[in-house]
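Knowing the structure of chain A, use the given hints to seat chain B on it.
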Amino acid sequence: MTARDDLLDLLVEDARHTTADLARMTDLTEDEVEAALADLESEGVVAGYQAIVDWEKTDREVVRATVELNVTLDRETGYGDIAERLARFPQVKTLRLVSGDYDFLMEVEGSSMHDVSIFISEKVAPVPEVTQTVTHYVMTTYKDRGVALNDDDDDDRLSVSP
Amino acid sequence: MGLDISERVRSVPPSGIRRFFELAEERDDVISLGVGEPDFSAPWAARDAAIDSLERGRTSYTSNRGLLELRQAISGHVEDRYDLGYDADEEILVTTGVSEAVDATLRALVDPGDTVAVVEPAYISYVPGVIFAGGEPLRVPTREADEFKLTYEALESAGAADADLLMLCYPNNPTGAVMTGEELEPVAEFCREHDIGVLSDEIYAELQYENEHTSIATLPGMRERTVVFNGFSKAYAMTGLRLGYAMAPPEVTTAINRVHQYGMLSAPTTAQYAALEALRSCDDEVEAMVDEYDRRRRFVLSRFDEMGIDCFRARGAFYVFPEVPTDESAEAFAEGLLREEGVAMVPGDAFGDGGEGHLRVSYATGLDDLREAMARFEAYISD
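So the sequence lines, in the order shown, correspond to chains A and B.
Position 72 of the first sequence, counting from 1, maps to 80 under this note's numbering, and the rest follow consecutively.
Position 195 of the second sequence, counting from 1, maps to 341 under this note's numbering, and the rest follow consecutively.
Excised from the complex, chain A in its bound form (with noise of 0.2 Å):
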């Protein structure tokens, strides 16, 4: 594994490791690091850094919807056109093309039902190649982009072992 695969793996794992512990994890010098995470950035290869929240754990009401969306193309319009248009609106947090029963793969973000709902029927619905929507509401999240929300993770080994 390169030291780039390595910098990638640790940064899936917690972005918040600092430069110091990247370099010691590493073996490489903090300089290398700095400069690895520059190349990974400007290549876009590291689009971005995000917390994992759990948001029912807050007083913040978040609705999630996954959006299953149907689309027609026809000679001036290809999916990549779609989806450009879609992935501009900010509700929109993940925009997916997938194989199956449906084209896109949606997910949506907003502050209420109600919210996401004039999403979906006034900014999704009515564009043109998007010929049929189904939106299932996120009822409870268990585990998010690897993570286990509500896990117990308390450590019950022997505190001294041989």
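For the record, the hints were derived by calculation from the structure and aren't laboratory data.
Virtual Cβ for every residue (Gly too), placed ideally from N, Cα, C.
No false leads were slipped in.
Derived contacts from chain B toward chain A, CB cut-off under 10 Å, selection only: (1) P320; (2) R442; (3) L447; (4) S448; (5) A490; (6) F497.
Here are the simulated distance ranges between beta carbons: (7) B:D229 / A:E115: 47 to 57 Å; (8) A:K101 / B:E328: 47 to 57 Å; (9) A:T149 / B:P396: 52 to 62 Å; (10) A:V53 / B:S427: 25 to 35 Å; (11) B:R164 / A:A11: 36 to 46 Å.
Below, chain B alone, put in the same frame as chain A:
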């Protein structure tokens, strides 16, 4: 007649680790780097297979030697990974952890008065196991100057030429030392010259960060004089499921099985199903755990280096073995560190000769705790 404790048991002191365990239990803010087992849980597929076997009512004994399917999977695994060829029918015995395998093997091979050379620092069970089997342990210390590798000279100067058996463990608990095939060759030569049998505990074989594992049994003339031990506890994070195995030529396996069949009957059935699934489908999880240990290893080595602490570059298991940075004994230092900073490390002399003046530091603990423990260690030595 009352219940008199046997001379053999009375001659074995309780483990030196026990005292530290009790000290560490006294407070609840302890970060323990004294743990000899993975902090991960077994891969979910293996746990799921264990649950499935229970749901299907597979709660009876298996054959003494273990499920044939499991022995076949082990045979394939050790061939793929370590170039070891052992026949599933005649040369593999599934046991209740490597601990049982070592105990049964010593009882199968040791006659009263036989000498078993034990390479130290070592896992704490070997010497007591030799004594319980009626043998005489001969301690063969290794030195930090040799990175705790066993050398021909160390065997010679400890008087191991007269030994009947040699017990070794690489990658090593507690030092994290590993030995390459080239480095094992002089050891093999010594054993061939003096007709010594080898008991090779390779439970940490999978946890090596800079080398591929070489089993001493793959060296010329060694297979017929070696018992190889391995198991699922460390690589698959299955310590509590208690599953290991011994591999040896047919007549030796039969002898070990004689002790096992009367003493244990068969290894836990549920654990055997978990192990079978572990071998079938958990390579990726093992790889991910190994990668994670390696990062922590580098982190801890870097931190000790930054603090100016002498610590040889351990390349295996999940331990590093730094020198005690003060004039105190390892025990006094470890006790002070525990009392004042709430960080538990095990004094090296708990693992026998050659361990004095060192600490066993386990990195089978999450990075956040390692970071905090290293900061507290630094604060302790700079006071």
